[in-house]
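> Chains as they are written, first to last, in our numbering: chain A, 2 to 358; chain B, 287 to 592.
Do not rely on the hints blindly, as some may be mistaken.
Partial selection, computed: residues in chain A whose CB lies under 8 Å from chain B [stated by the list, open to error]:
(1) Ala24
(2) Val55
(3) Lys58
(4) Pro315
Quick list of in silico lysine to any residue cross-link-like pairs, SDA-like style, CA-CA up to 20 Å [unchecked claim]:
(5) B:Lys371 to A:Glu71
(6) B:Lys553 to A:Glu71
(7) B:Lys519 to B:Gln467
(8) B:Lys465 to B:Glu387
(9) B:Lys303 to A:Arg231
(10) A:Lys166 to A:Met135
(11) A:Lys58 to B:Val338
(12) A:Lys58 to B:Phe346
(13) A:Lys58 to B:Glu508
(14) A:Lys326 to B:Val480
(15) A:Lys106 to A:Met135
(16) B:Lys519 to B:Glu387
(17) B:Lys553 to A:Trp65
(18) A:Lys58 to A:Ser20
(19) A:Lys326 to A:Thr300
(20) A:Lys350 to A:Glu225
(21) B:Lys529 to B:Ser583
(22) A:Lys75 to B:Gly551
Calculated directly from the structure, the hints in this document are not laboratory data. A virtual CB, placed ideally from N, CA and C, is assigned to each residue, including glycine.
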Amino acid sequence: MTPNLLVFRVLRNPKVTISLSLADWDLLLRQARCSNLLARIHSLLNEQGLIDRVPPKPREHLQWTHVIAERQIKAVHWEVTMIRKALAKVGPIILLKGAAYVMAKLPPAQGRLFSDIDIMVPKDNLNEVEAALMLHGWGTTHHDTYDQRYYRRWMHELPPMRHIKRSSVIDVHHAILPETAAIHPSPDKLRSSACSLDGYDDLKILAPADMVLHSAAHLFNESELDNGLRDLVDIDSLLRHFSNLPSFWVVLVERAKDLELTRALFYSLRYTTLILHTTIPPSTMVAIEIGRPNQLTLTIMDKLFTRALMPDHPSCSDWLTNTAKRVLYVRGNWLRMPPLLLARHLFHKAFISPKPE
Amino acid sequence: MNISTLTLSELGHRLKKAGMFLQTGTFITHLKTSIPSVAEGIRLLYADYPLVEHLDFADFHVSLTYPRNLRRWLKPQIQFLFDGKPPFKPLPADQAFPMLEWGLNWCVSSHANHYLIIHAAVIEKGGYAAVLPAPPGSGKSTLCAALVNRGWRLLSDELALIHIGDGRIVPLPRPISLKNQSIDIIQSYEPDAVISRKISDTMKGTVAHMKPPANSIIRANETAHAGWVIFPKYQSSVPAQLKKLSRSRAFIRIADNAFNYSLLGIKGFETLTGLVDASQCYDFTYSSLENAIETFSALEPPASSK
């Protein structure tokens with residue numbers, strides 16, 4: 002069902018790179034670059050001592066992006082330092098996604114490219130956090146009043162804030178899915194299980210199972226899957242890493258029930274095993290059947306996701322790829338808001354909001 | 287075999303069907319396009335480049351196409367695609383060839399992080415390179431075009447590539463971009479210079495490209511030692527004058543003109559320190575190309591001054 006793409010074969014087992022021809026490398030680099038996974042492949046090969054066996058030209062390309070990935074890890078540390086300084090009086094914050102992987106030195110941080118820093122704070126503290134960030138140089142990126150209201154009333158985050166000097170962007174979340182979505186993973190539950198980050202008394206990260214579930218909720222409720230494969234690789238990498246924890250798999254499924262995220266976890270386990278051959282205990286695969294949609298939905302979702310999770314490269318698309326992405330775009334919006342509100346939102350976006358140009 | 291062995295129609299056919307492999311310095315670019323002005327530009331300015339038949343690997347896969355929008359019927363535009371994706375907004379179709387040149391610069395400057403990349407012209411004589419960093423408008427390309435017509439070897443008119451590790455300066459000879467009055471100045475300075483058709487109203491004004499000397503293309507694999515860092519500035523009616531520049535000041539000004547200095551972190555710092563330490567650094571003002579050439583031929587290589 003899933004095409005056996007070169008980039009998938011290498012992500013599953015980096016050793017296959019030993020036998021690649023130069024033409025294979027050409028294709029692999031192109032597939033990986035447009036999925037934002039070039040630096041990831043560099044770190045996989047580096048970890049397994051395979052990097053020196055890559056022919057010189059492709060190795061150069063891998064090293065080029067490694068430079069960027071290294072620089073970004075430093076930038077995340079610096080940015081987190083600045084955020085801690087700005088929010089020193091507000092109380093502990095939870096780092097999400099990329100920033101959490103980097104600060105907790107988790108495997109998905111290796112060779113991951115970033116666009117912004119995500120944090121989570123209690124909804125009651127939003128005003129205080131926003132004011133503190135503004136005092137330290139961050140300003141809102143959306144100046145349209147409708148957009149402001151859209152974020153503040155309906156979404157799970159403030160409009161993204163950009164630092165005036167460094168241009169770095171921070172997303173301040175108070176939940177992991179929009180207020181208007183049909184499911185509500187409880188932010189209180191996420192917060193109360195959050196773990197302290199070693200060496201910091203003002204930083205926290207989500208508990209292992211919650212971290213996977215957040216990533217899953219994000220990927221499988223999103224309307225734009227531009228970084229879809231990268232996000233799936235994150236989930237795969239977290240699962241492989243946490244699978245050594247005692248009772249991780251049992252907790253994962255229980256927690257998914259608790260947070261209303263069984264469907265997102267079902268899809269995550271289905272597509273990580275299918276595309277990246279992640280090893281998942283059979284008992285977990287049975288337990289997560291509770292998140293399985295009906296057969297018709299699943300058949301359609303398989304067709305959509307196996308296309309949308311491909312690298313955005315001509316060598317990885319067929320005649321249905323663009324349609325699949327468009328359908329998932331509509332689905333993502335559908336999941337985000339009830340129909341009437343969505344109709345109102347889309348009407349506003351289409352006819353009233355000023356056009357970007 | 288060089289690209290000049292192909293007729294214009296053969297070249298156009300190749301570019302349209304399978305695409306062509308352009309070898310510029312250490313980089314291979316696979317280029318595909320059906321736009322006639324691009325084929326003409328390549329035929330004129332890349333005539334002395336090797337004709338590479340087929341390669342399994344290319345550093346960059348680029349194409350120039352007409353975007354599929356309604357404007358193609360009224361005011362056609364072109365877009366530069368990097369492996370199928372546009373890094374820039376489309377431009378008027380007339381600017382296809384300059385856009386290819388700008389796109390190729392972008393391919394190198396935004397990827398090739400095993401070099402410290404400085405926005406500078408680089409020329410070489412006797413194994414030593416002169417790096418001419420400068421903001422647009424300082425006359426760096428004009429000076430560079432004049433010098434390569436008077437015995438200096440062209441390494442690049444736009445991107446100085448300093449190898450991290452050994453500090454060698456690596457050639458990337460490509461057509462020299464001339465703007466506004468410099469086009470006529472160079473044509474009258476060197477009547478034999480091959481210069482492409484002028485294209486007006488681009489974001490840089492009127493532009494044309496000068497064909498690089500064949501010898502620079504043949505020697506594209508020969509790296510050079512750092513010799514001089516010279517900040518040129520054209521000023522009307524001043525004598526050509528070199529003014530010694532402190533290394534620390536030169537350092538800061540080169541860093542300002544570098545594409546990936548901060549990205550490279552400590553390695554960027556070390557590489558730039560190496561360049562400045564090995565070079566004699568000058569500010570250079572000039573008003574006449576003849577005088578500028580004399581000043582440059584009188585430059586002593588840094589080794590002899592040690």
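> For every hint, state whether the structure bears it out.
Verification of the hints:
1. With a least beta-carbon distance of about 4 Å to chain B, the hint placing A:Ala24 at the interface is held under the 8 Å criterion.
2. For A:Val55, the shortest C-beta to C-beta distance to chain B is roughly 12 Å, which exceeds 8 Å, and the interface hint is violated.
3. About 6 Å separates the beta-carbon of A:Lys58 from the nearest beta-carbon of chain B, less than 8 Å, and the hint is met.
4. The interface hint given for A:Pro315 is met, as the beta carbon of that residue sits about 6 Å from the closest beta carbon of chain B, less than 8 Å.
5. A threshold of 20 Å between alpha carbons decides the hint, and for B:Lys371 with A:Glu71 the separation of about 25 Å lies outside it, so the pair is violated.
6. Proposed proximity of B:Lys553 and A:Glu71 is supported: the alpha carbons are some 12 Å apart, at most 20 Å.
7. The suggested pairing of B:Lys519 with B:Gln467 holds, with an alpha-carbon distance near 15 Å, which does not exceed 20 Å.
8. As the CA atoms of B:Lys465 and B:Glu387 are separated by approximately 14 Å, the hinted pair is consistent with the 20 Å bound.
9. For a cut-off of 20 Å, the pair hint linking B:Lys303 to A:Arg231 is broken: about 33 Å separates their Cα positions.
10. Distance restraint check for A:Lys166 and A:Met135: the Cα-Cα separation of roughly 12 Å lies within the 20 Å cut-off, and the hinted pair is therefore satisfied.
11. A hinted pair counts as satisfied when its Cα atoms are at most 20 Å apart, and A:Lys58 with B:Val338 qualifies at roughly 17 Å.
12. For the hint linking A:Lys58 to B:Phe346, the alpha-carbon distance of about 12 Å falls within 20 Å, and the restraint holds.
13. At roughly 18 Å between alpha-carbon atoms, A:Lys58 and B:Glu508 fall within 20 Å of each other, so this suggested pair holds.
14. Only pairs whose Cα atoms come within 20 Å are accepted, and A:Lys326 paired with B:Val480 is rejected, the gap being roughly 49 Å.
15. Our distance criterion of 20 Å between C-alpha atoms is broken by A:Lys106 and A:Met135, whose separation comes to about 29 Å.
16. Only pairs whose Cα atoms come within 20 Å are accepted, and B:Lys519 paired with B:Glu387 is rejected, the gap being roughly 24 Å.
17. For the suggested pair B:Lys553 and A:Trp65, the alpha carbons sit about 13 Å apart, so the restraint of at most 20 Å is met.
18. For a cut-off of 20 Å, the pair hint linking A:Lys58 to A:Ser20 stands: about 15 Å separates their Cα positions.
19. Using a Cα cut-off of 20 Å, the hinted pair A:Lys326 and A:Thr300 holds, with the two alpha carbons roughly 16 Å apart.
20. Between A:Lys350 and A:Glu225 the CA atoms are separated by roughly 17 Å; this keeps the pair inside 20 Å, and the hint holds.
21. As the CA atoms of B:Lys529 and B:Ser583 are separated by approximately 16 Å, the hinted pair is consistent with the 20 Å bound.
22. Between A:Lys75 and B:Gly551 the CA atoms are separated by roughly 10 Å; this keeps the pair inside 20 Å, and the hint holds.
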